[in-house]
Amino acid sequence: MTRLAITSIGPASSVQDGGRFGAQRYGLTPSGAMDRLRLAAANCLAGNALFAPAIEIGPYGAAFKARGGAVRVAMAGASRSAEIAGRTVAWDTSVTIADGETLKLGIAQGGAFSYLAIEGGFLGEPMFGSFSVNARVGLGSPFPRPLQAGDELSVAAASARPERRIDLPAAAAGPIRVALGPQNDEFGDYAISLFLDSEWKISATSDRMGYRLEGPVIKHLHGHNIVSDGTVNGSIQIPGNGQPIVLMSDRGTSGGYPKIATVITADFGRFAQVPAGTAFRFKAVSMEEAQAEARKFAELLRALPDRLTSIESFDLNVEALQDANVAGVAVSAVDARTWHADVLMPD
Amino acid sequence: MAAPLSPPRLLPSGDSAITVEFSRKIDDDANRRVLALDRTMTQEPIAGVSETVPTYRSLLVHYDPTQIDFATLGQKLVELALRPVPKSEKARHWRVPVAYGGEHGVDLEDVAKTLGTTADDIVARHVAGDYRVAMIGFSPGWSYLSGLHDFLHMSRRQNPRLLTPAGTISIGGVQTGIQCIAGPSGWHLLGCTPVRTYHLHRDPIFLLEPGDRVKFYVIDDKTFAELDRAAERGETIAELVAA
Numbered sequence: 083m084t085r086l087a088i089t090s091i092g093p094a095s096s097v098q099d100g101g102r103f104g105a106q107r108y109g110l111t112p113s114g115a116m117d118r119l120r121l122a123a124a125n126c127l128a129g130n131a132l133f134a135p136a137i138e139i140g141p142y143g144a145a146f147k148a149r150g151g152a153v154r155v156a157m158a159g160a161s162r163s164a165e166i167a168g169r170t171v172a173w174d175t176s177v178t179i180a181d182g183e184t185l186k187l188g189i190a191q192g193g194a195f196s197y198l199a200i201e202g203g204f205l206g207e208p209m210f211g212s213f214s215v216n217a218r219v220g221l222g223s224p225f226p227r228p229l230q231a232g233d234e235l236s237v238a239a240a241s242a243r244p245e246r247r248i249d250l251p252a253a254a255a256g257p258i259r260v261a262l263g264p265q266n267d268e269f270g271d272y273a274i275s276l277f278l279d280s281e282w283k284i285s286a287t288s289d290r291m292g293y294r295l296e297g298p299v300i301k302h303l304h305g306h307n308i309v310s311d312g313t314v315n316g317s318i319q320i321p322g323n324g325q326p327i328v329l330m331s332d333r334g335t336s337g338g339y340p341k342i343a344t345v346i347t348a349d350f351g352r353f354a355q356v357p358a359g360t361a362f363r364f365k366a367v368s369m370e371e372a373q374a375e376a377r378k379f380a381e382l383l384r385a386l387p388d389r390l391t392s393i394e395s396f397d398l399n400v401e402a403l404q405d406a407n408v409a410g411v412a413v414s415a416v417d418a419r420t421w422h423a424d425v426l427m428p429d
Numbered sequence: 173m174a175a176p177l178s179p180p181r182l183l184p185s186g187d188s189a190i191t192v193e194f195s196r197k198i199d200d201d202a203n204r205r206v207l208a209l210d211r212t213m214t215q216e217p218i219a220g221v222s223e224t225v226p227t228y229r230s231l232l233v234h235y236d237p238t239q240i241d242f243a244t245l246g247q248k249l250v251e252l253a254l255r256p257v258p259k260s261e262k263a264r265h266w267r268v269p270v271a272y273g274g275e276h277g278v279d280l281e282d283v284a285k286t287l288g289t290t291a292d293d294i295v296a297r298h299v300a301g302d303y304r305v306a307m308i309g310f311s312p313g314w315s316y317l318s319g320l321h322d323f324l325h326m327s328r329r330q331n332p333r334l335l336t337p338a339g340t341i342s343i344g345g346v347q348t349g350i351q352c353i354a355g356p357s358g359w360h361l362l363g364c365t366p367v368r369t370y371h372l373h374r375d376p377i378f379l380l381e382p383g384d385r386v387k388f389y390v391i392d393d394k395t396f397a398e399l400d401r402a403a404e405r406g407e408t409i410a411e412l413v414a415a
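Top to bottom, those sequences are chains G and E.
Per our numbering, the very first residue in the first sequence carries number 83; after that it's consecutive.
Per our numbering, the very first residue in the second sequence carries number 173; after that it's consecutive.
Since the hints were made in silico from the structure, they are not lab data.
Among the clues, some could well be false.
[Unchecked claim] Residues from chain G that face chain E, not an exhaustive set, calculated with beta carbons under 7 Å:
| no. | residue |
| --- | --- |
| 1 | R107 |
| 2 | Y108 |
| 3 | P257 |
| 4 | A261 |
| 5 | P264 |
| 6 | V309 |
| 7 | D311 |
| 8 | T335 |
| 9 | T344 |
| 10 | A380 |
[To be verified] Covered stretches of chain E (chain G as the covering partner; in silico rule of three or more C-beta atoms under 8 Å from a C-beta of chain G):
| no. | segment |
| --- | --- |
| 11 | 180-192 |
| 12 | 308-318 |
The beta-carbon is built from N, C-alpha and C at its ideal position, and this holds for glycine as well.
Using the sequences and the accompanying hints, generate a full structural model.
As structure tokens, this is what we get:
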């Protein structure tokens, strides 16, 4: 049996997929990847279904060792340094870890979460149709908890097809877009302007349940208790201390604080990637614009496979470059993208 | 002739969900309308709606904006919400065992002191209640019950606890509740039930539905221990009784 051993991994790293839906009425939150686009990109590279289970890696580094055979993996999301046995591996590509070799990933740069998908997936038992870890509830597979060094996944052996890269559109810059509501009428004009016009930072105490924001105090018109009602990914609650909490993938299914606004679907993953301590702003958009962006986002996901290109003869090129180095030719070579122009095969 | 129903408020919860709000307060009539709309949407599904989440006074409707837009769905929801609410709902009635006080309900004595009575009196009043599952939320199986007697209304704790036990029966504000898995709570802990309202390895996984009726009865520590083992094995424990 081929296995992928996790030889080191930081906190906030867990198996996640598209999430478990349908039981929010019983208090069971969907969980699932914080950045669905990047999960889908990693799976697309690995040849898997877009929302198949993958490893969501938190801000710190990680290392994965292939045992009992070669394992093909694919990486997307917050970029990191990546290397196998001293060879650098490009981000947003698939790569095959030979039996006994280790893929080492550095810390996340310019984001919080990266995704490591495994070609053919790994063994586990879906719970409510999902492998996603929900540690508070003890759900998730193969481990109902965050990943730890020493964990092993039973995986498929790597296929013989060429490695691939994916060209994602550049991450949108600019403010995180929100649609006001459902309880924006619990706030006066001044409080809403303050919320929209201020700079915010994500607190270090944030997690997959919610991101706590630091900034000016947002005051309520009628106090901070409402009768609990339903929540969505991106609900922005204002609790008693006036510091917003944005509800994330492991949110409670209901909450009793007024929700001033909701992060739009198209920006949720981008928001999830804002590193703690980095300043950002919100911007309100109309429902029409939010829904038009949601449809564009769905189309982007649907068309991800069109963004794949093959990296042919990867290994041959590594040998060619090593030969060149031996021969004293200066080649700094280390990003699969360097070779891409020469070796790209028409699809 | 019954007064015409007032239309609910449609509150956008982002681009993929609508909160259909019938009241701003905890209100049994509003909750009946929530559950009636929820049932209607099960019986007559609207294309593009993925999931509905009933709460005390609103129904959260999750939908796919690539299939239906806010205005179109909102109009349909208002139409459905204005249909008359069936008078006699066929609710299921449950009897749920509770071990009150001691290690099972660490706040019982304090609640009695605060309300100027004895622990036995608090238990008697809590057991006398005929409760209704108004909503299930926050964490799996956490069932919020309406129908708590005025005498037991108490504001929540100043300092919420970060961890309260699985099975906790507690009171907070005008509500009482059954908590299934261990977690944070700001309510006052009166007792514990061995009943699992959520059990992954049991059919059904979730025991209670919004709209169900619940009555509690007292068990001692020894019975609690026995029933707890049976519940862990996947037995229901709670009894369905004829209405």
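Right, here's what the structure says about each hint:
1. R107: holds, 5 Å
2. Y108: Check passed: Cβ of G/Y108 comes within 4 Å of chain E, closer than 7 Å.
3. P257: With a closest approach of 16 Å, the G/P257 hint is violated.
4. A261: Holds, because the Cβ-Cβ distance from G/A261 to chain E comes to roughly 6 Å (cut-off 7 Å).
5. P264: With a closest approach of 3 Å, the G/P264 hint holds.
6. V309: Holds - the Cβ of G/V309 comes within 7 Å of chain E, reaching about 5 Å at its closest.
7. D311: holds, 5 Å
8. T335: Hint holds; G/T335 Cβ to chain E Cβ min 5 Å, cut 7 Å.
9. T344: holds, 3 Å
10. A380: This interface hint holds because 5 Å falls under the 7 Å limit.
11. 180-192: holds (count 8)
12. 308-318: Since 8 is at least three, the answer is holds.
Of the numbered hints listed earlier, the single one contradicted by the structure is hint 3.
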